[in-house]
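Knowing the structure of chain A, use the given hints to seat chain B on it.
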Amino acid sequence: MGEILKKYKWMGPIIDAMDRDVKRLFMKNFRMRDKNFFPEGEYKADIKNLVNCMLCPNMCRFDCGTLQAEQKETMSPAYKARIGYYLTIGKIDPSKEENKAFIDLMYKCSNEESCKIWCPFEFSVVSLLETVRDDLNDKGLMPDYCKEQIDKLKKTNTIEDHNIYETYKEKGIENIETDGNDEVYYYIGCESMKFPEVVKANIELLKKAGVRFSTNLETKVCCGGPAFNIRDLETAKDFANRNKDLIEKTGANVVVSDCPGCVVTLTSRYQKAGIEIGTKVIHIVEYIKQLIDEGKLKFEKNVSDEFSKITIHDPCLIARNLNDTTSIRAILNKIPGLEISEPMYNKDSVHCCGWSGTAHWADRSLAIKEAKNRVNELKETGSNVFLSACPLCELGLAYGLSEGDKENIKIIDIAELLIKAL
Amino acid sequence: MNIENFELIYKDSRVIIKDKPKIKLRLGEIVGNENVSDNEIDILAYNKDTTLITLNWTLEGKIAALPDFIVWPETPEQISSILKLANEEKIPVIPFSEGSGVVGGAIPIYGGIILDMKKFNKILEINDKDLTVTVEAGTNGMNLERYLNAKGYTGGHIPQSLYTSSVGGWIAHRAAGQFSSKYGKTEDMVMGMELVLPKGDVIKFKTIARASTGPQLDKLFIGNEGTLGIVTKATLKIWPYPEKRAFISYAFPTFEDSLEATRQILRQQIYPAVIRIYDADETYRHFGHIEKAKDSVMVVFVCEGIERLVDLEATITRETCEKNNGIECGEEPVEHWFETRFRVTETSSTPTFKMVADTIEIGFLWDKAAEMYHSVVEAAKNVKGVIMITAHVSHFYPNGVGFYFTFAGIPPQEKSDFQFYQEVWNTIVKAVEDAGGSFGHHHGVGINRSKWMPVEWGKAFDTLKAIKNLLDPNNILNPGKIYESPWEKGGEN
Numbered sequence: 001m002g003e004i005l006k007k008y009k010w011m012g013p014i015i016d017a018m019d020r021d022v023k024r025l026f027m028k029n030f031r032m033r034d035k036n037f038f039p040e041g042e043y044k045a046d047i048k049n050l051v052n053c054m055l056c057p058n059m060c061r062f063d064c065g066t067l068q069a070e071q072k073e074t075m076s077p078a079y080k081a082r083i084g085y086y087l088t089i090g091k092i093d094p095s096k097e098e099n100k101a102f103i104d105l106m107y108k109c110s111n112e113e114s115c116k117i118w119c120p121f122e123f124s125v126v127s128l129l130e131t132v133r134d135d136l137n138d139k140g141l142m143p144d145y146c147k148e149q150i151d152k153l154k155k156t157n158t159i160e161d162h163n164i165y166e167t168y169k170e171k172g173i174e175n176i177e178t179d180g181n182d183e184v185y186y187y188i189g190c191e192s193m194k195f196p197e198v199v200k201a202n203i204e205l206l207k208k209a210g211v212r213f214s215t216n217l218e219t220k221v222c223c224g225g226p227a228f229n230i231r232d233l234e235t236a237k238d239f240a241n242r243n244k245d246l247i248e249k250t251g252a253n254v255v256v257s258d259c260p261g262c263v264v265t266l267t268s269r270y271q272k273a274g275i276e277i278g279t280k281v282i283h284i285v286e287y288i289k290q291l292i293d294e295g296k297l298k299f300e301k302n303v304s305d306e307f308s309k310i311t312i313h314d315p316c317l318i319a320r321n322l323n324d325t326t327s328i329r330a331i332l333n334k335i336p337g338l339e340i341s342e343p344m345y346n347k348d349s350v351h352c353c354g355w356s357g358t359a360h361w362a363d364r365s366l367a368i369k370e371a372k373n374r375v376n377e378l379k380e381t382g383s384n385v386f387l388s389a390c391p392l393c394e395l396g397l398a399y400g401l402s403e404g405d406k407e408n409i410k411i412i413d414i415a416e417l418l419i420k421a422l
Numbered sequence: 001m002n003i004e005n006f007e008l009i010y011k012d013s014r015v016i017i018k019d020k021p022k023i024k025l026r027l028g029e030i031v032g033n034e035n036v037s038d039n040e041i042d043i044l045a046y047n048k049d050t051t052l053i054t055l056n057w058t059l060e061g062k063i064a065a066l067p068d069f070i071v072w073p074e075t076p077e078q079i080s081s082i083l084k085l086a087n088e089e090k091i092p093v094i095p096f097s098e099g100s101g102v103v104g105g106a107i108p109i110y111g112g113i114i115l116d117m118k119k120f121n122k123i124l125e126i127n128d129k130d131l132t133v134t135v136e137a138g139t140n141g142m143n144l145e146r147y148l149n150a151k152g153y154t155g156g157h158i159p160q161s162l163y164t165s166s167v168g169g170w171i172a173h174r175a176a177g178q179f180s181s182k183y184g185k186t187e188d189m190v191m192g193m194e195l196v197l198p199k200g201d202v203i204k205f206k207t208i209a210r211a212s213t214g215p216q217l218d219k220l221f222i223g224n225e226g227t228l229g230i231v232t233k234a235t236l237k238i239w240p241y242p243e244k245r246a247f248i249s250y251a252f253p254t255f256e257d258s259l260e261a262t263r264q265i266l267r268q269q270i271y272p273a274v275i276r277i278y279d280a281d282e283t284y285r286h287f288g289h290i291e292k293a294k295d296s297v298m299v300v301f302v303c304e305g306i307e308r309l310v311d312l313e314a315t316i317t318r319e320t321c322e323k324n325n326g327i328e329c330g331e332e333p334v335e336h337w338f339e340t341r342f343r344v345t346e347t348s349s350t351p352t353f354k355m356v357a358d359t360i361e362i363g364f365l366w367d368k369a370a371e372m373y374h375s376v377v378e379a380a381k382n383v384k385g386v387i388m389i390t391a392h393v394s395h396f397y398p399n400g401v402g403f404y405f406t407f408a409g410i411p412p413q414e415k416s417d418f419q420f421y422q423e424v425w426n427t428i429v430k431a432v433e434d435a436g437g438s439f440g441h442h443h444g445v446g447i448n449r450s451k452w453m454p455v456e457w458g459k460a461f462d463t464l465k466a467i468k469n470l471l472d473p474n475n476i477l478n479p480g481k482i483y484e485s486p487w488e489k490g491g492e493n
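Read top to bottom, the protein sequences are chains A and B.
Position one of the first sequence corresponds to residue 1 (the working numbering), numbered consecutively onward.
Position one of the second sequence corresponds to residue 1 (the working numbering), numbered consecutively onward.
Only chain B is shown next, with the shape it has when bound in the complex:
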């Protein structure tokens, strides 16, 4: 056994499966023996998702958690049978697809069955008139977008994880992409769904532009993080591929100026597909080579769509930036962003310096957005060992924004990397909650934020838990996430 050579991080409260050979046999009967494994080589491959602390562990020879089985179903009926078996035997089932989640949502902390959705990877239909694509949930984001582009469309959902995430993952985590000001977020894009409920029932929400047919039950499953159901198929909005793109960038003397300019742009109902404000530290980091950006706050915009509309949006965007002390920096910073936006190298380098780093995205209304930014930065800086706390603003609405904080630090000697990681997370989330913001904008809750769910939701959390209990009385579907926190003991500054 090689697994014994690895330190296991989540080792408490693991499910005890009395008769593993029997379970394996029954899983094999459902999905075929070639689609079930308890081999070490597979078990090890599914011990984590892309939560950044797990990369430190990987380098140090630790594993986050250990599933007991991996299954690769190919039909909703097979998923249904797996869930029925899991209910009978009280075995956790953890949905998995591309493993790009960054809050621990796909980590099998209590063991159990990893249900990998990769084989649900077909793009079923494009309807040009309705502007929809119907796609299986395990489909990789980039493979979907490339397919749409080749046919003359875009899905408009372009997260930095586009290459590494799946449609099912987007829905599970209520994801948002970099072009979301124009195209919306996952909840705006999903028009219909098929999913399997925890007890094995397969349900469908019909594809419709809009309906008044009672509560929007389908929305309950967008952001359920694989705890209330497993999405197998979805119909999403698509758009004609933009005929024109305008690249615009401005440097502002202060963070407040940049926020005000973008707020006014949105208030005029101008929706550049991409808006990104980089605070002074991130401007130095990403645009240090641009003279006009020195000691400034860089904002990049991409307006796209039909030419006449793009021209109008670009004109109003420029005018509004200039009215708010913006200095035009041309197309180069935007081209630089386009060239580098998928060049993720820091995840590979920071663990080698024994640094602990992560990103935390949060939501806030405009009114106190700048204040909140400063209070989070101050709070994080006060955690011993934090060496960097920076932010960019990545998502915009007429009413508010989504901030994206990045922190890095060296754990002090008295703390493990995990204790330090939890302390920074909890400090930032607390600062956000204290300031009246929302602790998550588009990465979801997972493990990292579940401790804060009662604070975020208040009494409504009881209702959410009651729904979970109703749908999943045995708590077999992705336990340890959202409704309960394995981090209860985690440090809080």
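Pulled out of the complex, with its shape left as it was, chain A reads as follows:
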């Protein structure tokens, strides 16, 4: 209330000047504000901010990845909030089969959170949509494509239809099991396992720097990030507790992950769910930068011409959630002769690859359109090598390549470039 009074201090003289009838009505409306527009009963939806968002003139619309991909008003942030509000108050009945499209809209977000930069209320739209998903889940209305992901997590411990960590042998990835006395736990993301060359490169870099680390692929499970996105918090917490145990067993001083999604999940999302990982968790680019600063890693070789001119695609989770846009650049600046080009939308203004959040499950073609948009932005730099530091980005960008692009453009992880310069 104090905050509201401060914000509306300027209205003091206006209220004083009102005639009695109007003032009475005004004060009644002020008091009844929540009751007037908030639904009765129990719900988890963040009604206050859904209303703030749905009545906003869409101040973030120009930077909303899904809207820019689809180019339909239906995808606009304020409309998503409006539908979230109507689903919550029952104006649109979520239990009716004919309203499935309205429910799906609650999942058509790539979690890039560009909106938060421009939001007059300083929230992200996905943070609101997640609260609507909570209510949908409570009503047993989780969409099938989300249920499929939860089933996969429960059956395979990963977000794949098989336990992707078990494929390490056939992919030639070295597994290092902990002796309980690690310096570092190299925490490999489920999606990173799709890029064995990246994982191998990271292992090579850690070894070269003389780091004592483990990978623990025999017991490794997903961080639970997908369950957090879907808001199946029971499953998410189960994975959080399992990861907490696994991390503690390593005795590591620091958990270093190659997947920004894992870092965000292991830190802020676990914290919000009431689970604290006592160990520091960072993305591997931050760790590599430390190793360089400490003189433990040096890049002395020029990379081949093929990789000598690269374009940086900042993973939005590193740039905006972990607030780190310097590590990648600091590392790349240590590679002799490397020409770095920056796309127009970079650092904390980066546009998403399309493959984060729930959008790629809810509407794959939407996610691909978003990926194509990003590929087109990256192509404008004239460089044919797109460099990132996130398996989901590397996956998403690959979906965004046209047949012609596939012949000319290479998408690489920073680790793959670094081992070429060792």
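Each statement offered as a hint is correct.
Keeping only pairs whose Cα atoms sit at most 20 Å apart, straight-line, the calculated DMTMM-like set for lysine to aspartate or glutamate is:
#: 1; chain 1: B; residue 1: 151; chain 2: A; residue 2: 342
#: 2; chain 1: B; residue 1: 294; chain 2: A; residue 2: 16
#: 3; chain 1: B; residue 1: 122; chain 2: A; residue 2: 377
#: 4; chain 1: A; residue 1: 35; chain 2: B; residue 2: 60
#: 5; chain 1: A; residue 1: 372; chain 2: B; residue 2: 34
#: 6; chain 1: A; residue 1: 9; chain 2: B; residue 2: 295
#: 7; chain 1: A; residue 1: 100; chain 2: B; residue 2: 34
#: 8; chain 1: B; residue 1: 384; chain 2: A; residue 2: 16
#: 9; chain 1: A; residue 1: 96; chain 2: B; residue 2: 40
#: 10; chain 1: B; residue 1: 151; chain 2: B; residue 2: 125
#: 11; chain 1: B; residue 1: 384; chain 2: A; residue 2: 19
#: 12; chain 1: A; residue 1: 207; chain 2: A; residue 2: 197
#: 13; chain 1: A; residue 1: 7; chain 2: B; residue 2: 291
#: 14; chain 1: A; residue 1: 9; chain 2: B; residue 2: 291
#: 15; chain 1: A; residue 1: 379; chain 2: B; residue 2: 125
#: 16; chain 1: A; residue 1: 96; chain 2: B; residue 2: 4
#: 17; chain 1: B; residue 1: 24; chain 2: B; residue 2: 34
#: 18; chain 1: A; residue 1: 9; chain 2: B; residue 2: 281
#: 19; chain 1: A; residue 1: 152; chain 2: A; residue 2: 218
#: 20; chain 1: A; residue 1: 116; chain 2: B; residue 2: 346
#: 21; chain 1: A; residue 1: 91; chain 2: B; residue 2: 40
#: 22; chain 1: B; residue 1: 151; chain 2: A; residue 2: 380
#: 23; chain 1: A; residue 1: 28; chain 2: B; residue 2: 60
#: 24; chain 1: A; residue 1: 100; chain 2: B; residue 2: 40
#: 25; chain 1: B; residue 1: 151; chain 2: A; residue 2: 377
#: 26; chain 1: A; residue 1: 100; chain 2: B; residue 2: 38
#: 27; chain 1: A; residue 1: 91; chain 2: B; residue 2: 4
#: 28; chain 1: B; residue 1: 381; chain 2: A; residue 2: 19
If you're looking for bench data, these hints aren't it; they were derived computationally from the structure.
Positioned in the frame of chain A, the structure of chain B alone reads:
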């Protein structure tokens, strides 16, 4: 059907489409099935623009109007075919882009086809020597400005709706931005255009700095609000990104002093990009934290461009303010304005208090500008339920100004929010017209002001209507706006 759960506001005179499946099929043949929809989820998304009363309705579970179809064309030829079909079937076509209009211009009040221009979103060419950018009309303003900034230019058109509006919307509504004293308004910026006429002809106005080749027909379409044609592409002026900005602010003891100072600045042919006068109420609201602004009228200036010119403009601006009793307040108020100018939160809060609010911008010559301001404030205050009427002056010319009034009120119990809204609008517009001003400066006519077109235009309105009839004999392009008023029954104080 969910739509039935919503109260429909504009429900009279809706077009009756006898064979909707056939129309949908034919639209699909034109734009592809993926680019046409009559799904509820899409129909509901296009029921309104950003007209503030529609936000109250949104919260109350009402919808402004219902389109029958949404189409997303990608070429002028597709638009042409859609318009030909609409003429054959006598179906309204309502151009839409970012939906940021605030006078109802994109509300499909009779139903019909919403023609969304979002897919016309390419920035085609920058010509450095000519200082032009050619851009498709659906391009978002901020995305254009960011692109220009990255290449070392500015478009100079920075309205508060920059984030939420499109190039086509600017042209349709003859828009003006916050930096317009230096860079001009939309009509000063457009150098060439491609558009589709109501019967489907695609015409182009060549890009040229100036010509004497008969009447300026292109200007007819700047401000046509999607009633005479649909702009698909435009070539706009651009400028090198300013090398220096000077932030200046002064507090004046009276509104009249502030007007006089700014008038003298313009008279000396000094054009700060931004000039904004806030009346005492708005000064308290926006600059209440600044001690020197207490009980005063705040004016902020931004001079920008090459350094030598900026320095000269800043010097003359300061001298003129001081000659007119201005007290210097430094850069902080301007920095505050820069930080907060896009932080639009009131649109979200006022409806939750069941308040009805809006902004009305009007044009006036210098001679009676202060008098007009006071007469509008007095007239609005006399409407039962109005609790606030304030203004700032946002646009300046050597010959006149653009005022921007903000009103808010609680509808009295005997009136609906819509009746109250119309009453305030009509009262303010009448006061402006009575005082000899122009009822709109840069938001356009739309629905909210069309009732007053005969007053504003006099006999010339007949000519305008004749042109509309010539170009659009079936009245299919954005009907219910400019030439006719669904508000005829709206309250007038």
